[in-house]
Amino acid sequence: MVKNLFVRRGIAAVSLLAMTAALAACGDNVSADSSNNASSNGSSEKISGEFSGAGASSQQAAVEALIAGYKSLNPDATVNYNPTGSGAGVSSFLTGALAWAGSDAALTADQVEQSKSVCAKGTAFDVPVYVSPIAVAFNLKGVSDQGKHVNMDASTIAKIFDGKITTWNDQAIASQNPDLKLPATPITVVHRSDKSGTTENFLSYVKDAAPNDWQYDLSENWPNSVGQGSKGTSGVISTIKQADGTIGYADFSQVGDLGTVAVKVGDSYNEISAEAGSKVVEASPLDESAKGENRIVVKIDHNTTAAGAYPIVLVSYDIACPAYKDAKTGQFVKSWLTYVTSEQGQKVAEDAAGSAPLPSKLADKIAQSINAIETK
Amino acid sequence: MPAGNKGPAIDFDKFRPSRSFVAARKRKDMAMRVLIVLAFVVALVPLISVLWTTIVNGVKRLNLNFLSYNMAGVVGGNQTSSGGYGGVLHAIIGTLEITLGAMVISIPIGIMCAVYLVEYANRSKLSHTITLLVDVMSGIPSIVAGLFAFSMFALIGGPGTINGFEGSVALSLLMIPTVVKSSEEMLKIVPADLREASYALGVTKQRTITKIVLRTALPGIVSGSILAIARVIGETAPLLMTAGYTASTNVNLFSGQMTTLPVYVYQEYSKLNANCPPHADATCVTTIPMERAWAAALVLILVVLVLNLIGRLVAKVFAVKTER
Amino acid sequence: MSSHSTTAALTQPAGGKRADKTFKAVAYACGILILVVLAAVALFLLFRALPLITGDQAANSETISNFTGGKSTNFWQYVGPLLFGTVLVSALALIVAFFVSIGIALFISHYAPRKLATALSYVVDLLAAIPSVIYGLWGGLVLVPAIFPFWNWVAEYLGWIPIFAGPASNPPRTVATVAVVLAVMILPIITSMSRDIFQQTPRLQEEAALALGATKWEMIKLAVLPFGKSGVVSASMLGLGRALGETMAVLMILSPGMTYSFKLLQASQSQTIAANIAAQYPEANDLGVSVLIGTGLVLFVITFVVNYIARKITEKATA
Chain A
332 MVKNLFVRRG IAAVSLLAMT AALAACGDNV SADSSNNASS NGSSEKISGE FSGAGASSQQ
392 AAVEALIAGY KSLNPDATVN YNPTGSGAGV SSFLTGALAW AGSDAALTAD QVEQSKSVCA
452 KGTAFDVPVY VSPIAVAFNL KGVSDQGKHV NMDASTIAKI FDGKITTWND QAIASQNPDL
512 KLPATPITVV HRSDKSGTTE NFLSYVKDAA PNDWQYDLSE NWPNSVGQGS KGTSGVISTI
572 KQADGTIGYA DFSQVGDLGT VAVKVGDSYN EISAEAGSKV VEASPLDESA KGENRIVVKI
632 DHNTTAAGAY PIVLVSYDIA CPAYKDAKTG QFVKSWLTYV TSEQGQKVAE DAAGSAPLPS
692 KLADKIAQSI NAIETK
Chain B
1434 MPAGNKGPAI DFDKFRPSRS FVAARKRKDM AMRVLIVLAF VVALVPLISV LWTTIVNGVK
1494 RLNLNFLSYN MAGVVGGNQT SSGGYGGVLH AIIGTLEITL GAMVISIPIG IMCAVYLVEY
1554 ANRSKLSHTI TLLVDVMSGI PSIVAGLFAF SMFALIGGPG TINGFEGSVA LSLLMIPTVV
1614 KSSEEMLKIV PADLREASYA LGVTKQRTIT KIVLRTALPG IVSGSILAIA RVIGETAPLL
1674 MTAGYTASTN VNLFSGQMTT LPVYVYQEYS KLNANCPPHA DATCVTTIPM ERAWAAALVL
1734 ILVVLVLNLI GRLVAKVFAV KTER
Chain C
44 MSSHSTTAAL TQPAGGKRAD KTFKAVAYAC GILILVVLAA VALFLLFRAL PLITGDQAAN
104 SETISNFTGG KSTNFWQYVG PLLFGTVLVS ALALIVAFFV SIGIALFISH YAPRKLATAL
164 SYVVDLLAAI PSVIYGLWGG LVLVPAIFPF WNWVAEYLGW IPIFAGPASN PPRTVATVAV
224 VLAVMILPII TSMSRDIFQQ TPRLQEEAAL ALGATKWEMI KLAVLPFGKS GVVSASMLGL
284 GRALGETMAV LMILSPGMTY SFKLLQASQS QTIAANIAAQ YPEANDLGVS VLIGTGLVLF
344 VITFVVNYIA RKITEKATA
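Residue numbers (our numbering), protein chains in the order written: chain A, 332 to 707; chain B, 1434 to 1757; chain C, 44 to 362.
Don't take every hint at face value.
As the list claims (entries may be wrong) - Simulated restraints, written as ranges between beta carbons of each label pair: (1) 101/C - 620/A: 21 to 27 Å; (2) 1749/B - 62/C: 28 to 34 Å; (3) 120/C - 1589/B: 31 to 37 Å; (4) 1459/B - 68/C: 56 to 62 Å; (5) 1738/B - 512/A: 49 to 55 Å; (6) 698/A - 1489/B: 38 to 44 Å.
Stated by the list, open to error - Here are a few chain C residues that face chain A, going by a calculated C-beta distance under 7 Å: (7) 110; (8) 187; (9) 188; (10) 192; (11) 269; (12) 294; (13) 310; (14) 323; (15) 326; (16) 327; (17) 328.
Stated by the list, open to error - Where chain B lies over chain A, by a calculated footprint (3+ residues, C-beta under 8 Å): (18) 385–396; (19) 556–570.
Note that these hints are calculated values from the structure, not bench results.
Even glycine gets a Cβ: it sits at the ideal position worked out from N, Cα and C.
Isolated chain A, as found in the complex:
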């Protein structure tokens, strides 16, 4: 009887599955703008097949939009992106399971060496594909809900996040904001509790721009026990929203109606925006210490004085091989990366994820690297 029961259940379940399988085919949404820009890109032949990438979750929103855009150009290609995180993405890539990986950090020398066994020729390289400004966001009654910004220099930001400044009306903040009436609310610092590229990029800003006020080593994990930690960008944002007097850092696109800090660059306080984030990347040199062919690693100049630049940005990379064991994968990666870094692709990402466009000077260099991918 027991078996009988399970058999009946099984039959029911199987028939249910059969029904859903029939439905599955029509589950895909057709991209609304598929007819508009099809074949506007200059790729000579359409790519087909199934390809997957994985890695940085920061890229997820942009990549999902890019996949939809790419599919409208190459209707026969299926592209998956699993936002497992940079570390997991790169490890999977180095086992040869992925066509490409997204990562918030450039490859290490070890990883470049390891990639020899995966790539058909040469070593893997990384190119910047996604630049996103990191906002220092806060929730303060009477300030942020009025849509006002607070001005801070790097040293003040460092002291707040190190627990040295504990109230909003501290002299250090007040002196930079003569026009604001700051309350005596205690400051609750909110940081990421998981390992994250956003944390590392934010910390590298604090460390470069205020070396005297930030003693900790650079790491993807939050180094001190000040304030509260929260999982992921969404956790940080919802924590900030839940109490008065909170301050944290998060992807600009997720900040919503929270207040943001205008950061001191040179002699002015610059508000956050995609363009301002793009400017600091433009003003930054390449990292010469990154060894390996075709690699483009940006060394963000956090002490930049470029007009209108916003110095706290996350630069996320795509990692690929110069040649693949399967030529079809090579063709796909080349056309995919070309699309991602093209003006059109960057526009798609900006619309979907609020990212900053790649500066044109950098884009040219990136195009050269991508062109080096062998497709035969």
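Guided by the hints, dock chains B and C onto chain A, whose structure is given.
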């Protein structure tokens, strides 16, 4: 409170419970009654709050469109060409297939293990160890089960292997002990007279067990199995690393990444906000990921509800009349 | 085997000894399979965590220092606070949930009118199935802001008790809040199993107690609770198991820290092993994964020990 006993002073009386004693007992009875009802009411508050929040937030985006589309081709907060904002079709299929896979693995094993423990073991050392280990197994953290399945399939299918069945294996690791324990409890309760009567009639042990013992314990076993399914159907952490995440529908349990409802909920929660282009019109909704997360959570609860109903119905249809 | 053949089997004469033997063998195999599976899990974890012991110790301490921002360099220093946090959170959750669940279970089995009891049983079963990710959403977005005034009150008036020392963190992403959420999560599980056991109490014993003039509570104390003791303990162990390994709800609510602290109302004091694995795993390199699996192994051992002790207690009680 001393007893104001005015009765005649007969010797027997000192054995009679004093009125105060009776009153104290009654008071204690009343106090416990109040405490128990109170416990019930206190527990209801958060549980109702969970349900209420999910329903209120979930109903907003729960419609036919949400159930019949997946997330492929959904860009930011934009409306799709079908007039919706993406949906959970792929996640429902993933959840059903992966859970079914876990059921197929763990329910037969679990029940047979319980049969061994109750009917064959005879308090042997081995059965002692197994009972202990089943307890231990029920304490395996779900994330460790995920790590285990992930590593095992990396060995079998090469590094980075991710598919739905891998998720089923991880889940069955969590499901087996629950099935064993609940089935064991239920088998133990089956009166020994029934077995003896059956043996006395010359029925073999196997037939006694399948036709009498399991039959009698069936409603309990089914309800235990439903609890086991309930435990795993909402697992997120192990599936994040074993079954992966994809925006499009995948009906093949044995190949390719598969999204399940809990993972979908978590992923949408992680997105928090969608971006709209600056010139977008009112059809672009920036808060859509959170709304999708709640709607998917509601779907998940509904799926569980339906499973529960089916289980109850089955238990009722097959139930054997017992004393209670 | 279709339903048809099963019906046929009923009406045909007994299959005989071969079926008997096969059935016995399958039952034995399934029992032994449990041993094999557990051994496989333990060996696998050990195998993956091996680089911690045999590998390059300098690289190990660098990885761990990377996880903790330089606060600890040694595996035991790393896993200690995590273990403490795990046990603290789960124990609190179990304490809160245990008495409440027994109360509900008794209410359903012995106090509520029959129709209400049936409906309630159903609701409890359903609640047991609400996934942890939903409790995580609810806890993080609804409970956290709602419970702050309460914790604030506790910190103000009961702050002299060390565990309630203030000031209460706002938002309260604290051990106390997580314990409440976990308690709510495991409540239906313990309730559901306890109720099943309580309902199985032999009616004769109950009636005998009542006939001797016992009040309802005395009847429960005399007949129902002793009968259900082992079932209730094993239900609690299931609940504890779920609390120990709970990942998503903790991950989405708790503000983690790496201290040995009983300050339940302050944020960034403790973290659990499971949530720590989930938080660190995606960004971890190979050695990092080994470290995390090592912590997973510790958790595994702890659950083993806890369950072993609990089992011994039940055995003593029933003997």
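So the hint says 38 to 44 Å: do the beta-carbon atoms of residue 698/A and residue 1489/B match that? violated, 50 Å
For the hint 56 to 62 Å, verify it against the beta carbon of residue 1459/B and that of residue 68/C. Given about 58 Å between the Cβ atoms, the range holds.
Is the interface hint satisfied for residue 328/C? The criterion is a beta-carbon contact with chain A at less than 7 Å. OK, holds: residue 328/C within 7 Å of chain A, min 6 Å.
Taking the closest Cβ pair, is residue 310/C under 7 Å from chain A? Hint holds; residue 310/C Cβ to chain A Cβ min 4 Å, cut 7 Å.
For the hint 21 to 27 Å, verify it against the beta carbon of residue 101/C and that of residue 620/A. Holds: the Cβ-Cβ distance is about 22 Å, inside 21 to 27 Å.
Using Cβ atoms only, decide whether residue 187/C comes closer than 7 Å to chain A, and label the hint accordingly. holds, 6 Å
Confirm or reject the coverage of the region 385–396 of chain A by chain B under the rule of 3 or more residues with a beta carbon closer than 8 Å to the chain's beta carbons. Since three or more residues must qualify, the claim that chain B covers the region 385–396 of chain A holds, with 5 doing so at under 8 Å.
Verify the CB-CB distance for residue 120/C and residue 1589/B against the hinted window 31 to 37 Å. Between residue 120/C and residue 1589/B, where Cβ atoms are some 36 Å apart, the hint holds.
Residue 323/C as chain A interface residue, shortest Cβ-Cβ below 7 Å: holds, 5 Å
Go through the hint on residue 269/C and say holds or violated, using the shortest Cβ distance to chain A against 7 Å. Residue 269/C check fails; min Cβ-Cβ to chain A is 32 Å, beyond 7 Å.
Proposed interface contact between residue 110/C and chain A, which counts if any beta carbon pair is under 7 Å: holds, 6 Å
Outcome for the supplied range 49 to 55 Å, where the beta carbon pair is residue 1738/B and residue 512/A: Cβ of residue 1738/B to Cβ of residue 512/A: about 53 Å, so the range 49 to 55 Å holds.
In this structure, the earlier hints numbered 6, 10 and 11 are contradicted, and the remaining ones agree with it.
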